[in-house]
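Enquirer: Top to bottom, those sequences are chains A and B.
Going by this note's numbering, the first sequence opens with residue 37, and the numbers climb by one from there.
Going by this note's numbering, the second sequence opens with residue 494, and the numbers climb by one from there.
Derived from the structure by calculation, the hints contain no laboratory data.
This structure is a prediction, so every number in the text was calculated from the model and none was measured.
Using N, Cα and C, we set each Cβ at its ideal position, and we do this for glycine too.
Mixed in with the good hints, there may be bad ones.
[What the hints assert, rightly or not] Here's a subset of chain A near chain B, in silico, CB distances under 7 Å, partners left out: (1) F89; (2) Y108; (3) A117; (4) S118; (5) S120; (6) S138; (7) I140; (8) D222; (9) N224; (10) P237; (11) Q292; (12) G303; (13) K304; (14) S420; (15) I426; (16) R428.
[As the list claims (entries may be wrong)] What the simulated footprint calls covered on chain B by chain A, stretch by stretch (three residues with Cβ under 8 Å from a Cβ of chain A suffice, anywhere in the stretch; the number is not a length): (17) 536-548; (18) 629-639; (19) 644-656; (20) 735-741; (21) 745-758.
[Said to hold, decoys possible] Only pairs whose alpha carbons sit at most 30 Å apart, straight line, appear in this in silico BS3-like list of lysine-lysine: (22) A:K202 - A:K217; (23) A:K202 - A:K91; (24) B:K599 - A:K449; (25) A:K442 - B:K678.
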Amino acid sequence: MKFRHFGRAILVGAAMLVATGLGNAEAQQLTLKIWMHEHPPRIPIDKEIVAEFEKAHPNIKIQYDVLSVAEYSTKLLTAFASGSGPDVFNQTSALVAQYYTSRIMAPVDYAAMGYADEKALMAVYSSGLNGIRFAGRLHGIPTEVSNYACYTNNAMWKEVGLDPNKDFPKTWEEFPAIAEKLTQRDANGVPRRRGFDFNWPSVGAFWNSFNALLQQRGGSLVDEEAYKATFDTPTNQRTVQFLVDWANKYRLGGPQYTDSRTDFLGGKLATDCSFGIWGIPQMHAAKIDFTVRPAPRFADATSDNGMNAYAYYMMVNARSSPAVQKAAWTYVRYYSDQAARLFAGAGLFVPRQEVAAKAVDANSQVFLNELKKAKFPPRVVGYSQVTDAIFRGRDRMVQGGEPVAKVMAEMNKEIDAILTRERARAEAMRK
Amino acid sequence: MRGLTRLHRRWWGLVFVLPVVAFFATFSVFPVLFGIWISLTDYNLLDEPLWVGLANYRNLLDDQLFLTAFKNTLVFVLGATLPVWVLSLLAALLFDQAFRGREILKTLFFLPVLPPVVVVAVVWRMLLHPNGVMTWIAGGHRGVTEISWLASTTLAPIAMIVVHDWAVVPFFMVIWLAGFAGVPKHLREAARMDGASSWQVFWHVDLPQLRSTAVLVAALTSINAFQTFTLQYAMSPDPGGPANSTLVLGLLVLKYGFQYFRMGDAAAVSVVMFAMILAVTAIQLGFNRRGT
């Protein structure tokens, strides 16, 4: 009898221990470290989302940090290097290849996100996921998908008797004449107000425009799969010559001038093609009466794409513990479901049904239509080296006056060498 | 007993210097050694470093970016040492004289030293806008309304040197003035009484007394110039551009390390820079020692 009591007591004790243990595990607090790049209108919404998520998930605590765009990539990199990287982070499509190669990005955990499978997730988004698909698997969720289109300053266009809706050029070949009409020059022919100019100084903007122009004629800069430069072709040479002529023959602008976005908002540029849909609130703030038009195509274009698409993706650190990764994907789902709110409050467009329904005005529709035709630029390890090589070559041709054919052959060789080395490095690191 | 006390004293001495030694070892010696070790690896910051031995150094020999940055750095050092040395000495000679308004003028002259280099760079970037103030000053009278100061491969490196020299000459002038203050007055007076002209007093009395100051100015300007980075980063619309004409070694370290994910190459370039600065400084100090 005594023994039976003793046995029962042991069983009860064991059961209590197990229950307590389980209770502890259930109540165990997880802390998610989240880093986002700075986009001021998004920050208050982010904070609201974090608070709501914490309330809905009392066992998950969020440590949310916003880092300035200028230092975001470097800080992210050094944080991962020191093992103190965030559990959830966002980054632009141009820079994700390095993170994928170094196995920093975890593949999407559909179950943790509450989706049955990839098909169920894909059903929510009409596009924008290709920029984060590697080896056939998704590694993040878009928090912003953008493409550029052209904004006209209607007052300046009207001033020279032009109507953006009727007169906006359909081809790049028509553009110099129209830009010239819009350009105001001093006695020496130096532009005091530019009609249109490319965004030469901004690496990202130039990359998204330059690639797109090459793609319109069926060309490309880099073969992302083969890791080969495909730059030096007669067709690409004609496209590059157009850019050189824009600065030197037509004297409509060039890399020496202030970046086009700043000058457009400052009333020193009549047309700009480097703002996304997120530029609309900025136009309102600058009190600019504007019209959005699709970017021109070359007369002999074989692809009907405007400027390139790019995206910011929210990703999960593959080096975080499995429990943290699960919690992270739960947060990503919660955050991505707030897309309509982020679009309304911060102008960040994500191609989901409920977001598209909010972009009903004619200007927003131009972006949505163009996005369907837009292509992502190549994603390669060594992106910064490739863009630097392009800038160097561009400067030699545009500012140094060196022949396009000669420089492009050398650029192709240089970019090829960069890609070969970076691929070899990546493979060595993987071993 | 006395021996024991001496031993105790030694131990206490060691205990007292230990914090400083530990601090120095942790924050100065260790980073240098760690940097040298990284330079012997291929490290992308995201994966484990791979040992490559001296490959990073061998690769530098035919690395076009490194060779361009090396050449640009040497040109910058030339433009940022000799002229600074001479101009700061001339400025010190001027302000060592007694004249009306000297203190006010000296203060105004010293102003460029006060703001951080990055502020100087941003201000000059605006002044050197193709249609900006400097274009108006340099070309206005000839009807020129646009000069690509920072977008021309020829003008951009010169612009960086001129802005650098403008910003640092007053600082080195102060060092020269401190040197002048240390020259015994009686030597000058004796020379003057012997009929020496001002030039002869300067050449035969002041300058030999200023040997240490001269070497200090030369060493500091060289170190400063070899390490240049901020101006090239902040002044140019495309850091290091146009077409790499302002790419210097300091900037290359940043690009290799944090933009190209090539930390091993960045460390190798840093070690080369360190060796260059060490060599130049050693030569200058040796020159000073031989003279004393």
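Enquirer: So, against the hints stated earlier in the document, which numbers end up violated here?
Expert: Of the numbered hints, 1, 2, 4, 5, 12, 13, 15, 23, 24 and 25 do not hold.
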